[in-house]
Amino acid sequence: MKKRLGFYLLLAPLLLWLFGLIIVPHIDMFFLSLQEKLGPGDYQTSLANYAAFFNEPLYWNTFARTAIMSILATMITLLIAFPVSYYIAKLAQGRIRAVLFTLCLLPFWVSELVRTFGWMILLRETGVLSHLLQWTGLAGQPVEMLYNDATIMVGLVYTSMLFMVVPLVTTLDSLDNAHVEAGYDLGGNGWSVLREIVIPHAMPGIVSGSIVVFMLCLGNYLTPILLGGKSSLWFTEQIYDQFITRFNWEQGSAFGFLLLILSSAIVWTGLRLTGQNLSSTMGDGGER
Amino acid sequence: MNDSTDQAPALECRDIVRTFGKFKAVDHVSFSVPEGSFFSILGPSGCGKTTILRMAAGFLEPDSGDIYIKGKSMLGVGPNKRPVNMVFQHLALFPMMNVADNIGYGLRRRGVAKAEIAVRVKAVLERIGLADSGAKRISQLSGGQKQRIAIARCLVLEPDVLLLDEPLGALDLKLREHMKVELKKLQNDFGTTFVYITHDQSEALVMSDQVAVMNKGVFEQVGSAQELYYHPDTAFVAGFVGDSNRWRGRIDAADASSVKLTTADGLSFAATPPKAGGLGAGGEVDIFVRPESVQIARAEADVQAMDNRLQGRVESVLFNGANSRVLVREPRSGGEIDVALPQTGAFHELRKGEDIWLGWGKDQAKCFAAGEAG
Ligand SMILES: Nc1ncnc2c1ncn2[C@@H]1O[C@H](COP(=O)(O)OP(=O)(O)OP(=O)(O)O)[C@@H](O)[C@H]1O
Ligand SMILES: [Mg+2]
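Quick mapping for you: the protein sequence lines, in order, are chains A and B.
The C-terminal position of the first sequence is numbered 288 in this note's numbering, with every residue numbered one higher than the one before it.
The C-terminal position of the second sequence is numbered 1374 in this note's numbering, with every residue numbered one higher than the one before it.
In case anyone wonders, no lab produced these hints; they're calculated from the structure.
The beta-carbon is built from N, C-alpha and C at its ideal position, and this holds for glycine as well.
Do not take every clue at face value.
As the list claims (entries may be wrong) - Simulated coverage check for chain B against chain A, where a stretch passes if three residues somewhere in it have a Cβ under 8 Å from a Cβ of chain A:
no.: 1; segment: 1071-1083
no.: 2; segment: 1102-1110
no.: 3; segment: 1203-1213
With the rest of the complex left out, here is chain A (with noise of 0.2 Å):
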């Protein structure tokens, strides 16, 4: 009996977080997702939030680009973070190799609002590198470089980085040596070792890193705001928009449903279309 009241009291902060802080603000989230406001203090309970959404274009396309953004930085931090990864776990060594990992973390010291500033720093009309092209004449005028889908591309996948780079690290360096040598002695060649050994065996961090990353990119608001400016068109901003300026509370909440069904939709069709399962990816992955 008393032990069992230890593994209560020990599991009581994990269920107050997860009941406080995740659950409760989300069944209140739904039951005001589902009014629909008629006039100054009259609700009604209907689907007509979540209508909205469907019927007004923008609402849509605005998801749909940051959907289709969120992915393809995905798949950019995955294509440099993998020969990154790759170099840190298995060819690095010592020294080398803490500072390799150190260099990847160090951006994260300094809070987000200050690396992207630094990037527009850099990047604005003003900035560093639009002086330096004009100063080596390969720009006649001032370059605008913020502001464009590029940038906030940039931005997303400078934010990303570490997020797949762990993941990546820790599943290489669990990859054995004689593993590799033993494709190469067979008769592979560096192409084929990685598509039939390293990769199958790297499949479970790819997965998690980029579950990971695309969930952060999805519901980045700062990078894509601050570096796209007003026309960034990202779904948070839409949210943003509902809660903040407009005080519709009940359209944000949808907004904000929407973006958790659509999302796991996504991660769902992701695992189904590249074969993995979410057990296999979190849980111990060598079991395979």
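Starting from the known structure of chain A, fit chain B with the ligands onto it as the hints suggest.
For chain B with the ligands alone, coordinates are given in the frame of chain A:
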């Protein structure tokens, strides 16, 4: 030209050297392995065995010297282009593929047609006695089965030479004994040249046609198991291969066929000098005497004719069927002498505490300049 390559040894290393920083892991090693034979490299941990194998496989380049496979130099040829395959110490079977895909991996890399791969994988699985394991996952196999799959994965490619890096190391004793016989049988069946490295002398002696004994980056001696056991060239080989009783002493007199010496405890022995000679009076030497070369007698008269005689007291009797031993305490030096009991059973009633005479001829005592021995 073609004729000469047909006669060429399957694998030949000429004067290869490999250093890691300042450390010489492999130091001017030369050897050649005839086609179809079982060649072992035997040596203590860290002596450079794996380094040699990795150079043959192409994972390391030698600093100097050359490696030939069937008469063709392999310098600058990548591991995926060499007609050799390697069985890794921990086998390195691919866990994400099933057994058939593991074995078929190399064939797929060569672009063999799918149907053909299936046929050849099936054939090789049958030959190793695992015909219906093709669809199994690697984690579902026993240690011995994994072993055979790892070898089959290489043999299906029909390599000129199969390199094996202590493949039995991870197995328990009983399975290891079984796999020794199995490996030799596989080698006979397939007729492939095997180069096998191990620090376990019984593996090397049982399976090999030729054994190279290696120490600190150099080959001490290359020969058949019998040659190494009965005619060691160096103190290291005499000490490393098989069991020996060992004494160190100073030479009183030496000629081409015999050496007389006295140990620090005052024991005198006669022994046979090495072929190379070079031992002179006053020099320090080690002598090695095999347990089975020592004769036991109850009376001194029975060993009177022997060059070396000692009296001692039975310390313990280690009964183990045909391999029974007695440990005899020699009173003057206080040392223990390991003696094999004769198979006739003449001394089977020997008891602890009995006084006994030991004797052996000088040709049974191998003498080498004192130094480091295995
Ligand atoms: N990549 C390397 N860098 C530095 N030193 C190395 C390297 N590989 C091997 N060595 C050194 O070379 C020596 C020989 O190594 P090797 O692996 O060939 O030994 P081995 O005979 O196979 O030993 P074991 O029986 O323990 O496997 C060792 O002292 C080892 O420390
Ligand atoms: Mg080794």
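**Asked** Hint numbers the structure violates, sorted upward?
**Response** 3
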